[in-house]
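Construct the complete structure from the given sequences, taking the supplied hints into account.
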Amino acid sequence: MKIATYNVNGINGRLPVLLRWLAQSQPDIVCLQELKAPQEKFPDKPIRDLGYDAIWQGQKSWNGVAILSRVGQIHETRRGLPGDPDDSHSRYIEAAVNGILIGGLYLPNGNPKPGPKFDYKLRWFDRLIAHAGELLATGQPVMLAGDFNVMPTDLDVYKPERWLDDALFAPEARAAYFRLLEQGWTDALRTLHPDEAIYTFWDYFRNAFARNAGLRIDHLLLSPPLAERLVDAQVDVAVRGWEKSSDHAPVWIELADATTSARRAAPRRRVTPVRA
DNA sequence: ATGCCTAATGCAATTAGA
1 MKIATYNVNG INGRLPVLLR WLAQSQPDIV CLQELKAPQE KFPDKPIRDL
51 GYDAIWQGQK SWNGVAILSR VGQIHETRRG LPGDPDDSHS RYIEAAVNGI
101 LIGGLYLPNG NPKPGPKFDY KLRWFDRLIA HAGELLATGQ PVMLAGDFNV
151 MPTDLDVYKP ERWLDDALFA PEARAAYFRL LEQGWTDALR TLHPDEAIYT
201 FWDYFRNAFA RNAGLRIDHL LLSPPLAERL VDAQVDVAVR GWEKSSDHAP
251 VWIELADATT SARRAAPRRR VTPVRA
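For the first sequence, the UniProt record's numbering gives the first residue as 1, with consecutive numbering after it.
Calculated directly from the structure, the hints in this document are not laboratory data.
Worth double-checking, as some hints may not be accurate.
What the hints assert, rightly or not - Heads up, simulated DSS-like pairs for lysine-lysine below, C-alpha to C-alpha not over 27 Å straight-line:
| id | residue 1 | residue 2 |
| --- | --- | --- |
| 1 | Lys113 | Lys159 |
| 2 | Lys60 | Lys113 |
| 3 | Lys36 | Lys113 |
| 4 | Lys41 | Lys244 |
| 5 | Lys36 | Lys2 |
| 6 | Lys45 | Lys60 |
| 7 | Lys60 | Lys117 |
| 8 | Lys244 | Lys36 |
| 9 | Lys36 | Lys117 |
| 10 | Lys60 | Lys41 |
| 11 | Lys244 | Lys2 |
| 12 | Lys159 | Lys244 |
| 13 | Lys244 | Lys60 |
Stated by the list, open to error - Estimated spans, in silico, between C-beta atoms of each pair:
| id | residue 1 | residue 2 | range |
| --- | --- | --- | --- |
| 14 | Lys60 | Pro82 | 20 to 28 Å |
| 15 | Asp49 | Pro160 | 41 to 49 Å |
| 16 | Lys244 | Leu50 | 17 to 25 Å |
| 17 | Pro160 | Thr259 | 41 to 49 Å |
| 18 | Pro82 | Glu196 | 30 to 38 Å |
| 19 | Arg206 | Ser25 | 22 to 30 Å |
| 20 | Pro194 | Ser88 | 33 to 41 Å |
Only a predicted model underlies this, so the values are computations on that prediction, with no experimental measurement involved.
Ideal Cβ positions, reconstructed from N, Cα and C, are used throughout, including at glycine.
Structure, rendered in structure tokens:
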């Protein structure tokens, strides 16, 4: 089973790119972020025409998250993180699909730092960690996938020294990411590629993609029962080069069937996350 | 320190992204 996350940066402006990628990459389940569309403007008809069921939480102009599936019903379990009834941003949607509980998230950017936006990012992160701990404690197959707006280590930034004061690379943001990981989550991409500089985002500015001046900020985190099934994890880098592309590229993982031993299918390396 | 680019809103210029 192939599960992907993709920050589309405007689902209507990006629709041809999204549909082309879905048809080509054929993911079974997809988490989308930054729909930038109100609830009623989600293009569910062309997505259904490609064979995908969908749930989404839209918002006018900003944010917005969705989960797509072509492998069985999407049983929604919540939209919005607990812990702040005044949080009006559409940044979290969660559902059980094909035996996996999936939390699709768009963590706040947090710039400029310091300021109220950075404070909101850290508070949101705390709420995510609290909720993630409860999900992990169930012992069930759980995945958190989306745009975390955090580069965990120097290896995840093309030029780390330039990003030290940025909300995406601030020590507080990285510390929060590792507090989350240390609950017992596996960072799928980094676990299968422990030493590679891998990016999922390239700025529209300054020809960043051509220079490979990128960041790794889109992550797929797996609970232990899913981590055992991890056989592959990749970024569809080429999609970033398509005309009218998002500034993010899709990221995906391949999971062995629940009944199949991943160890037999493809032994995976275990790595301990390096602290920032 | 700022613009560089792009989308949404709504029709000019602002906000937000990362």
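Verification of the hints:
1. Lys113 - Lys159: holds, 19 Å
2. Lys60 - Lys113: holds, 25 Å
3. Lys36 - Lys113: holds, 23 Å
4. Lys41 - Lys244: Measuring from Cα to Cα gives roughly 20 Å; hence the hint holds.
5. Lys36 - Lys2: holds, 25 Å
6. Lys45 - Lys60: holds, 19 Å
7. Lys60 - Lys117: The hint holds at about 19 Å.
8. Lys244 - Lys36: holds, 16 Å
9. Lys36 - Lys117: The given pair, whose Cα atoms are some 18 Å apart, holds under the 27 Å limit.
10. Lys60 - Lys41: Holds. Lys60 to Lys41 sits at ~9 Å (cutoff 27 Å).
11. Lys244 - Lys2: holds, 25 Å
12. Lys159 - Lys244: Holds, because 26 Å separates the two Cα atoms, which is no more than 27 Å.
13. Lys244 - Lys60: holds, 21 Å
14. Lys60 - Pro82: 20 to 28 Å: holds, 24 Å
15. Asp49 - Pro160: 41 to 49 Å: The hinted range 41 to 49 Å holds for Asp49 and Pro160, with Cβ atoms some 43 Å apart.
16. Lys244 - Leu50: 17 to 25 Å: holds, 18 Å
17. Pro160 - Thr259: 41 to 49 Å: holds, 42 Å
18. Pro82 - Glu196: 30 to 38 Å: Given a distance of about 36 Å, which is inside 30 to 38 Å, the answer is holds.
19. Arg206 - Ser25: 22 to 30 Å: holds, 28 Å
20. Pro194 - Ser88: 33 to 41 Å: Holds, since Pro194 and Ser88 (Cβ atoms, about 39 Å apart) stay within the stated range.
Consistency note: the structure conflicts with none of the earlier hints.
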